[in-house]
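Peer 1: Sequence:
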Amino acid sequence: TNVEVRNVPTSVFTTNSSFITISNCYFSFYSDYGIWEDNNVAAFEDNGDNGIINNWFYTNRPNAIGIKYRGGGGRIIGNKINQGLIGIDVSPLRSTSVILIEANSIEGQTNSCIRFITEGGAAAIAFTQVTIIGNQINGYAATGSAIQIQPTAYILYQLLISNNIIQFYTDLANAVDVRNTSDFIFSGNIVKGNDVGYRGLFVNSDVSNGKIYGNQILRFTNSTVLNNSSTTVEEKLVQSGSSTITASTVHGPLYVGFVDITFPTPFRAAPVVLGHVESASGN
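Under the numbering used here, the sequence shown has 155 at position 155, and the numbering climbs by one with no breaks.
Wrong hints could be hidden among the right ones.
No farther apart than 20 angstroms at their CA atoms in a straight line, the calculated lysine to any residue pairs in the SDA-like style are these [stated by the list, open to error]:
#	residue 1	residue 2
1	Lys80	Thr118
2	Lys80	Ala42
3	Lys68	Val41
4	Lys236	Gly210
5	Lys211	Val196
6	Lys80	Gln167
7	Lys80	Val41
8	Lys68	Ser28
9	Lys192	Glu235
10	Lys80	Leu172
11	Lys236	Asn209
12	Lys192	Leu226
13	Lys192	Leu172
14	Lys68	Val8
15	Lys192	Thr118
16	Lys80	Asn47
17	Lys211	Leu160
18	Lys192	Gly108
19	Lys211	Asn163
20	Lys80	Val8
21	Lys68	Asn16
22	Lys236	Gln216
23	Lys211	Gly188
Per label pair, the in silico range of CB-to-CB distance [to be verified]:
#	residue 1	residue 2	range
24	Asn63	Ile190	26 to 32 angstroms
25	Ala42	Asn222	28 to 34 angstroms
26	Ala126	Thr15	18 to 24 angstroms
27	Ala43	Thr21	40 to 46 angstroms
28	Phe13	Lys211	46 to 52 angstroms
Since the hints were made in silico from the structure, they are not lab data. Computed from a prediction, not measured in an experiment: that's the story for all the values here. Idealized CB from N, CA, C, for every residue including glycine.
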């Protein structure tokens, strides 16, 4: 705690470790990693409640990673990460649960701001209870995403992405990209593309049992949400708009012909008509 490290390739390096707290430190001009933490011991694969809390990271090296987190339950809270390749890179080597990424401020990354991937391991390894909440993210990378969830060898279970504020300025990548995940919620987020963003949220077809609701996603050139998961439910878009009614003189004054309604926000898919309006005569 309260340590300043400058001009070292990796400021803090731990291996096969647990029960670690790093707090209120200042790491700058690292070329590889601000913090590297891992645990690859089977007997202690989910050990500890490691805390990386209230630290400040700055680098001018385009390939540097702020926090590389590779094992054990963890809390990554309240850090400021400025510049580099990836802000927070979570890639556990063994089964891990209860990872909290909260209230961090991340900007200026050339790849992803928050990334969850897998770098090997058996299919039996499990990752559960990952929470990404209340972060402020400003990204512009042509590759990666503001939040990239892409485990490969096994599924991530129980993912919550909530109440984050995201600005992502690129027309080549999704602001939030979710793949190979089950039981997830995406809610209460503000995602803004500033008219050059490719897509606000992408949900891959291998995602299951998801819910998307209560978000503000706007100013993306491609689409706000592309949900390719057959079991992920997206909130319905409720709108009001002006209408123009044209009566048909052929069928008499009681017949209503066409109703044209203009909505202020484009629908992501064609609306489904749930009912009809009858004339006064019942026809």
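Peer 1: Run every hint past the structure and note whether it holds.
Peer 2: Checked hints:
With a C-alpha separation of about 24 angstroms, the suggested pairing of Lys80 with Thr118 is violated against the 20 angstroms cut-off. Taking the CA atoms of Lys80 and Ala42, the gap is about 32 angstroms. The hint is violated against a cut of 20 angstroms. Between Lys68 and Val41 the CA atoms are separated by roughly 17 angstroms; this keeps the pair inside 20 angstroms, and the hint holds. Taken as a hint, the Lys236 and Gly210 pair is honoured in the structure, with Cα atoms around 14 angstroms apart against an allowance of 20 angstroms.
About 26 angstroms separates the Cα atoms of Lys211 and Val196, which puts this hinted pair outside 20 angstroms; it is violated. About 16 angstroms separates the Cα atoms of Lys80 and Gln167, which keeps this hinted pair within 20 angstroms; it holds. At roughly 30 angstroms between alpha-carbon atoms, Lys80 and Val41 are farther apart than 20 angstroms, so this suggested pair is violated. Annotation: proposed proximity of Lys68 to Ser28 holds, straight-line Cα distance about 15 angstroms (limit 20 angstroms).
Distance check on the hinted pair: Lys192 and Glu235 sit about 18 angstroms apart at the alpha-carbon level, within 20 angstroms; holds. Distance restraint check for Lys80 and Leu172: the Cα-Cα separation of roughly 26 angstroms exceeds the 20 angstroms cut-off, and the hinted pair is therefore not satisfied. A distance of roughly 17 angstroms separates the Cα atoms of Lys236 and Asn209; the hinted pair therefore holds under the 20 angstroms criterion. Distance hint between Lys192 and Leu226 is fulfilled; the C-alpha atoms sit about 15 angstroms from each other, no more than 20 angstroms.
Taking the CA atoms of Lys192 and Leu172, the gap is near 15 angstroms; set against the 20 angstroms cutoff, the hint holds. Of the supplied pair hints, the one linking Lys68 and Val8 holds, its CA atoms being roughly 16 angstroms apart against a limit of 20 angstroms. Distance hint between Lys192 and Thr118 is unfulfilled; the C-alpha atoms sit about 28 angstroms from each other, more than 20 angstroms. Distance restraint check for Lys80 and Asn47: the Cα-Cα separation of roughly 26 angstroms exceeds the 20 angstroms cut-off, and the hinted pair is therefore not satisfied.
The suggested pairing of Lys211 with Leu160 holds, with an alpha-carbon distance near 10 angstroms, which does not exceed 20 angstroms. Proximity of Lys192 to Gly108 is assessed by CA-CA distance (about 16 angstroms); at most 20 angstroms being required, the pair is judged to hold. For the suggested pair Lys211 and Asn163, the alpha carbons sit about 14 angstroms apart, so the restraint of at most 20 angstroms is met. Restraint check for Lys80 and Val8: the C-alpha separation of about 19 angstroms stays at or below 20 angstroms, so the hint holds.
Restraint check for Lys68 and Asn16: satisfied, since their Cα atoms lie roughly 14 angstroms apart, inside the 20 angstroms limit. With a C-alpha separation of about 13 angstroms, the suggested pairing of Lys236 with Gln216 holds against the 20 angstroms cut-off. The hinted pair formed by Lys211 and Gly188 meets the criterion: a straight-line CA distance of about 12 angstroms does not exceed 20 angstroms. Taking the beta carbon of each, Asn63 and Ile190 are about 30 angstroms apart, inside 26 to 32 angstroms as hinted.
At roughly 44 angstroms, the beta carbons of Ala42 and Asn222 sit outside the given window of 28 to 34 angstroms. Between Ala126 and Thr15 the beta carbon distance is about 22 angstroms. The supplied range of 18 to 24 angstroms therefore holds. As the Cβ distance of Ala43 to Thr21 is approximately 22 angstroms, the hint placing it in 40 to 46 angstroms is violated. Between Phe13 and Lys211, the C-beta spacing of about 39 angstroms breaks the proposed range 46 to 52 angstroms.
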